[in-house]
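Protein sequences appear in the order of chains A and B.
For the first sequence, the working numbering begins at 1 and goes up steadily by one.
For the second sequence, the working numbering begins at 1 and goes up steadily by one.
Simulated from the structure, these hints should not be mistaken for lab results.
The structure presented is a predicted model; accordingly, all values stated were derived computationally and were not measured.
Fair warning: there could be bad hints in the mix.
Just so you know, same-sequence chains aren't split out, so a pair can sit in one copy or run between any two.
Said to hold, decoys possible - DSS-like cross-link-like pairs, simulated, lysine-lysine; straight-line CA separation at most 30 Å:
(1) Lys122 / Lys12
(2) Lys292 / Lys42
(3) Lys292 / Lys151
(4) Lys216 / Lys42
(5) Lys12 / Lys292
(6) Lys216 / Lys81
(7) Lys81 / Lys244
(8) Lys81 / Lys213
(9) Lys213 / Lys292
(10) Lys42 / Lys151
(11) Lys203 / Lys122
(12) Lys81 / Lys292
Number of protein chains: 2
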Amino acid sequence: MTVAVYLPAQDKTQWWVEMLQGLLPGWDIAAIDEIEDPSAVKHAVVWRPRAGDMARFPNLEVIVSIGAGIDHVLADPELPKGVPIIRTVGDDLTQRMREYVALHVLRHHRDMPRQLQAQAEKDWHAIVVPVAPNRVVGVMGLGNLGAAAAKTLAGLGFAARGWSKSGKDIEGVETFAGADGMDAFLSGCEILVNLLPLTDSTKGILNADLFGKLPKGACVINCARGGHLVDGDLIAALESGQIKQATLDVFHQEPLPADNAFWANSAITVTPHVASQIDAATGGRLIAANLKIFAETGTCPDMADAARGY
Amino acid sequence: MTVAVYLPAQDKTQWWVEMLQGLLPGWDIAAIDEIEDPSAVKHAVVWRPRAGDMARFPNLEVIVSIGAGIDHVLADPELPKGVPIIRTVGDDLTQRMREYVALHVLRHHRDMPRQLQAQAEKDWHAIVVPVAPNRVVGVMGLGNLGAAAAKTLAGLGFAARGWSKSGKDIEGVETFAGADGMDAFLSGCEILVNLLPLTDSTKGILNADLFGKLPKGACVINCARGGHLVDGDLIAALESGQIKQATLDVFHQEPLPADNAFWANSAITVTPHVASQIDAATGGRLIAANLKIFAETGTCPDMADAARGY
């Protein structure tokens, strides 16, 4: 019984192999490209596996995503049908996302980009902004991360809203549900945070149509997946002033290529997919624990729903 | 009975006069330099009054500070003894300070200055930081604003500490008191927020000695008063690396002169005394309400203690 490990960076793969060997003594753990007997592989631990990687293992029982999303696993056109997928979620990931969302909502709320520009010009210019209870901020997607983010924003005093496909009650947060609730959710929403899972129905959801339903001058924060955003629509909305500022943590291609126009756009803050970065030590502990649970019970509380896409 | 109004900017003084006239119909409200009968002045509403301004009014019953601090009133060497001072505090001021402290602690916590530098260099460089529960942040001064700030930081998940002269219990915050507790408070404190009142005993408290008791590479946020900071000691501590970054909202001279070295220091974020900026509409309502209470009862819940200095 072998655990096959893959991450796009070879040195990271090796690092994860050694860490999992330390955490799962007695288990056979190997980098995916060094597997000698594919039929012995029952578990795979992966981030952005290559097309066909999983199909090589005829006895694969479970795939562990090194991250909360499973879109990077489902993206494999040759993915074997019916192999269950475990997500890696945990208090640390949720905590880090809360921090990121709070930081970037506050940055836009208090207009730090313009304040830093004033400093660069040695300009003692006080920017007057509404107090948080008069600022409407909305979170799209109310899973573990989105619900925690919305609660955190409410705790900071914001007029917090949340939207999800099927509806969810969160204390202190005004929630909206489904296609019918979307326009009301977006109306008046001055700072929008995207934390939706990436699925066929949410792909490209951050587009000109959606931006047009926000109030003029709204800010957008995307800390879910690059595939949610129609890049050209954002650039156009920033140029027209419909969107004032954006913070992007995720991109269609990562690392973001050096020639991508986002880097140098003064209305865009680029962060390198760090919103809820899994630190390897924490991720390793969570994954080792989940593999043990799965090996013993055949299931795990962090199981994803491949049909649903998250 | 006249209310004398003074702010350093003449147009602001006029604006406040008109606003208070609207809020206190029937009261005689006038700019301090347009008072014809000084003996009729019973109330003064001021921000940074000039030396001798208050001494001109022999029948002055109360001074209202347009702000939470009263140091700018006490700074007048000719201030008449025994005239009570009302502070202007309120939910909005506390809320704004919570936002400022949360924003700037999170900025330092997630190392946004370095992250923005990486963006400027089109460098996909993920900065690894501890998760907030493993980050010790401390608030000096646990009055209305400091206590709210410390509670907010705890709510965001930080390992939050607080220090005050006489000690205070705050849920979720480890508190320290008095001179004896200061070293333990500072030890290990990675991000320090100053919200002390400015008094003879706190003047210059942010100095080389204090910086040396913080862990190397700590960040400092001063959103109290410029007089708390020994400017040269901060510059030296930034140069030695003892302090990594600082955010300053308050300065010995405001507006900060264009030739001050703080403006262009890449390790310093300068904001123009906006942490808990009173917006005039809210401040006006608070002040009008307090003047009415004082006129009726001879006291007010927001009375400061001039002997204590805050």
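* Mind listing which of the numbered hints don't hold for this structure, in increasing order? => Hints 3, 4, 6, 7, 8, 9 and 10 contradicted; others consistent.
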